[in-house]
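Novice: Line order of the protein sequences matches chains A and B. Going by the numbering used here, the first residue of the first sequence is number 361, and it counts up by one from there. Going by the numbering used here, the first residue of the second sequence is number 361, and it counts up by one from there.
Simulated from the structure, these hints should not be mistaken for lab results. A few of these clues could be false.
For chains that are exact copies, the list does not tell them apart, and a pair is met inside one copy or across any two.
[As the list claims (entries may be wrong)] Lysine to any residue pairs mimicking SDA-like chemistry, simulated, CA-CA at most 20 Å apart:
| # | residue 1 | residue 2 |
| --- | --- | --- |
| 1 | 523 | 386 |
| 2 | 542 | 374 |
| 3 | 542 | 552 |
| 4 | 508 | 524 |
| 5 | 523 | 571 |
| 6 | 362 | 532 |
| 7 | 542 | 667 |
Number of protein chains: 2
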Amino acid sequence: MKPVGPIPSGYETIEGELAISGRKAGALVEEAGGTPLFVYSRALLSRRVADLRAALPERIGINYAVKANPMPDLVAHMEPLVDGFDIASSGELAVLQGVGIDPARISFAGPGKRDDELEAAIAAGVTLNCESAGEAARSLAIGERLGKPPRIAIRVNPSFELKGSGMKMGGGAKPFGVDAEKVPALARHVIAQGAEWRGLHIFTGSQALSAEAIAETQANVLNLAAGLADAIGHPLPRLNMGGGFGIPYFPGDEPLDLAAVGRALGERVANLPASLADTGLCLELGRYLAGEAGVYLCRVVDRKESHGQVYLVTDGGLHHQLAASGNFGTVVRRNYPSAIATRYAEPAAEEVNIVGCLCTPLDRLADQAMMPRADVGDLVAVFCAGAYGASASPSGFLGHGPARELLV
Amino acid sequence: MKPVGPIPSGYETIEGELAISGRKAGALVEEAGGTPLFVYSRALLSRRVADLRAALPERIGINYAVKANPMPDLVAHMEPLVDGFDIASSGELAVLQGVGIDPARISFAGPGKRDDELEAAIAAGVTLNCESAGEAARSLAIGERLGKPPRIAIRVNPSFELKGSGMKMGGGAKPFGVDAEKVPALARHVIAQGAEWRGLHIFTGSQALSAEAIAETQANVLNLAAGLADAIGHPLPRLNMGGGFGIPYFPGDEPLDLAAVGRALGERVANLPASLADTGLCLELGRYLAGEAGVYLCRVVDRKESHGQVYLVTDGGLHHQLAASGNFGTVVRRNYPSAIATRYAEPAAEEVNIVGCLCTPLDRLADQAMMPRADVGDLVAVFCAGAYGASASPSGFLGHGPARELLV
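Could you put together the complete structure from these sequences and hints?
Specialist: What follows is the structure in C-alpha cells.
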C-alpha cells in the first residue's frame with residue numbers, strides 16, 4: 361500500500377460525491393460534455409489571493425505567473441484580483457491581450473526570447489525582464505526601429521538559491537538572467553541608451569514548503585537588490601522578488617506557513633534599505649495561486665485484475681497530467697492526492713492501481729492506493745491539478761487529444 | 361565535459377552544413393518557414409524497412425506502430441513499405457483513415473479504449489487487441505448493436521519480460537492485456553459469441569539493444585502463443601509478436617545486431633510448432649522504424665556566459681523534445697546525439713550547455729557538450745528525433761506552440 365498526497369482544503373461532499381465550488385463532479389462533467397476534464401474553482405482562486413493579501417504586507421504586490429495555467433477564463437478571473445501578470449512567451453502575451461489585460465501590468469521573462477517576441481512585447485508596452493546583454497542589445501535595437509523605448513528590467517542570476525525548492529533557479533551557472541556582478545554595468549548601459557528603466561527581477565526557485573527558507577531568501581533578495589540599486593546609481597522602480605511558494609503534493613508534505621512568511625516579510629519591509637524606499641515590490645506566484653484550485657476528473661473505462669492486483673483504467677492519463685504520473689522533474693514517483701470522486705464519502709475498501717489509457721507503463725495516476733471500491737463509469741479525481749497540468753502535458757501523445765477545461 | 365550520444369548513420373555534410381536527404385539544414389528551415397523544425401528523411405525510413413526485410417525471414421510481417429510518429433505525410437510514406445499499422449486511439453485511427461490506409465491492415469491496442477473508440481474501430485473493420493474480459497464484452501455488445509462482428513485478437517500479459525528493455529510491458533501484474541492463464545477461456549468465449557477471431561498480441565517491452573535478449577523473448581513469445589493456441593483449440597490467424605527493437609541514444613549504446621536477430625528468428629520460424637503453421641506472424645515496430653530518421657532543428661537565440669559556463673539558448677526545447685531533455689521515463693539525464701547543424705564539419709572547440717527557451721531548469725538539450733563555436737543564428741540539431749518527439753512532448757507548455765514538421 362502506498363499513501364496518496366493530502367487533499368487540499370476547500371472541497372466538499374454533496375450526496376456522497378466530490379463537489380467543486382458547490383457542484384457535484386458528475387454534474388460538472390455533464391456540463392462540460394465529458395471526461396477527461398479539468399475543473400478550476402473561482403472560489404478557491406479568490407480565497408488564495410485573499411489569504412495572501414491578509415498575510416503579506418500591504419506594500420507587496422502579487423503577480424500571477426501565467427505559465428502555471430493560461431486558460432483564458434481563469435486569467436480573466438485573476439485580472440481584478442492580482443496586481444500584475446508574468447509571461448514567458450508571446451503566446452502567453454496573446455492570451456492576456458485576448459482577455460484584455462493592460463500591457464502595462466505585464467512583464468515578460470524567459471531565456472530565449474526571439475526577435476518577433478521582443479517586438480510584440482515592446483510594441484504593446486510590456487516590461488521585458490532581460491536575460492542577457494545580448495537580449496538587451498536586441499531589445500534596444502528593436503525599440504529604436506519601432507520608435508518606442510523598450511521597458512527594461514534586468515533579471516538577476518543571484519549567487520544564492522532558495523533552499524529546499526523543487527526547482528532551483530539561482531546559485532552558480534544558470535541560463536537564467538545576468539550574473540549579479542554584471543548587472544550594474546548592463547543596467548547603466550540600457551538606461552543610457554534610452555530604455556525605460558523598470559528595475560530588477562530576482563527569481564531563486566519554486567515549490568518550497570519551508571517558510572524559513574522563503575523568508576531567508578526574500579531577505580537575501582532585498583539585500584541583493586539594494587546593493588545593486590546602489591551600484592547602478594538609479595533607484596529601482598520595481599523589484600520582482602520571485603515566487604517559490606510551494607503547495608503540498610505528497611504524503612507528509614505540510615502546507616506553507618503563510619503567516620510566518622508574511623511576518624518575516626513585514627519586518628523586512630518595515631526596515632527597507634534607503635535605496636528601495638520608493639521601489640514597487642511584488643511576488644510572482646503561479647502554482648501557489650492556481651495549483652490547489654484545480655481538479656482533474658477522468659472516468660473509469662475498465663476494471664481488471666492482473667496477478668492479484670486491481671487496475672482501474674481511466675480515460676485520462678499522463679497526456680494531461682504528466683507531473684502526476686511522475687514524469688516531469690521528479691526522480692521517485694509518489695502519489696498525488698487522488699480519490700474516487702463519485703464515491704467520495706465511502707471508506708477505502710481495496711488497494712488499486714489507477715492508470716491512464718495510454719499504452720505505456722509510464723501512465724500511472726495512483727499506485728497501490730487504498731480507495732473505495734470503484735467500477736466502470738466511476739469518476740477519478742486527481743487534485744492539485746490547477747497548475748502545470750493541462751498546458752504542461754503532452755496532450756497530443758497517442759492521439760487522445762486535450763482535456764476539457766471548466767472554471768466554476 | 362559530458363559526451364553526446366552517437367549520431368545515426370545516413371546524415372552527410374554539404375558545404376560544411378548538416379544535410380538530411382541531401383538537403384542542407386538551413387535550406388530545409390527556410391522551406392518550412394522557420395524553426396523549431398522536425399525533419400524526417402524518406403530515404404532513411406525506407407532504408408530501415410529494407411534492412412529489416414533483408415535481415416528477417418520473409419514470413420515475418422512488419423507493422424508500423426503509429427504512436428511513434430503519427431505525422432500524416434510520414435504515415436503515407438510508410439503505407440507501401442509495411443504490412444500493417446498498430447494504433448492506440450481513435451485519434452490515430454482518424455489519421456490513418458485520412459491517409460487512406462485500408463482498415464483491414466490496422467489493429468488497435470490500448471488499455472483504456474472507450475466505447476466510442478471501440479465503435480469507430482468495429483465499424484471500420486479494425487482488429488481490436490482486447491485488453492480485458494470487460495473490454496471484450498463491450499466490444500461484443502457494440503458489434504451486436506452495429507450488426508457487425510468485431511474482429512478480436514487478445515493481448516496477452518506474458519509472465520516473462522524483454523530483458524534489458526527501456527520499458528517493460530510484461531512480467532507480473534500489468535495494466536496491459538489479459539494474464540496468460542486467462543486467455544484460453546476468454547478466446548473461446550469471444551469465438552463462441554461470434555467474433556471474427558484474429559489471434560494474439562504479445563508485447564513484452566521496448567527499446568532493447570541486445571539481439572540475444574530479443575531472440576530469447578521472441579522464442580518465448582512463439583512458445584507461449586503455440587501453447588495458448590493449443591489450449592484455445594482454434595488456430596491463430598495472426599500473432600503480433602511485439603517489438604522491442606531499440607536504437608542507440610546515449611554514449612556507449614551500440615546499434616542492435618539486426619542480422620543476429622534475423623538469424624535466430626529464421627531458425628525459430630523454420631521449426632515452428634504445428635499449431636502456428638498457418639499463423640501470420642508480424643513484428644510491431646515504431647521507434648526502430650522512425651526514430652533515427654528524424655532530426656530536430658532549432659536556432660540559437662542567445663549566447664551567454666554565466667559563472668564561466670557558455671549557454672546557447674535556442675528557440676526549441678522540452679516542449680518539443682521532452683525525452684531529450686531527460687524528463688520522460690529516464691532517471692539520469694544523458695545527452696542525446698546533437699550537433700551544431702550549421703557548423704557540422706567544424707571541429708569541437710568549446711564546452712557548451714545547449715538549453716531551450718522555456719523558463720525552467722528542466723529545459724536542457726545538451727549538457728556540457730563539446731561543440732564547434734556557435735553564435736546567435738546558428739542551428740542546433742538533436743538526432744533520434746523521429747519517434748516520440750513532436751507528439752510526445754508538451755507543445756502547449758509556456759505558449760510557444762508546436763514545432764513545424766517536414767518529410768523530405
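Novice: Run every hint past the structure and note whether it holds.
Specialist: Now for the hints, and whether the structure bears them out:
no. : hint      : result
1   : 523 x 386 : neither (41 Å within a copy, 43 Å between copies)
2   : 542 x 374 : neither (58 Å within a copy, 40 Å between copies)
3   : 542 x 552 : within (16 Å within a copy, 78 Å between copies)
4   : 508 x 524 : neither (42 Å within a copy, 59 Å between copies)
5   : 523 x 571 : within (10 Å within a copy, 46 Å between copies)
6   : 362 x 532 : between (37 Å within a copy, 18 Å between copies)
7   : 542 x 667 : between (61 Å within a copy, 10 Å between copies)
Checked against the numbered hints listed earlier, the structure breaks hints 1, 2 and 4; every other hint is satisfied.
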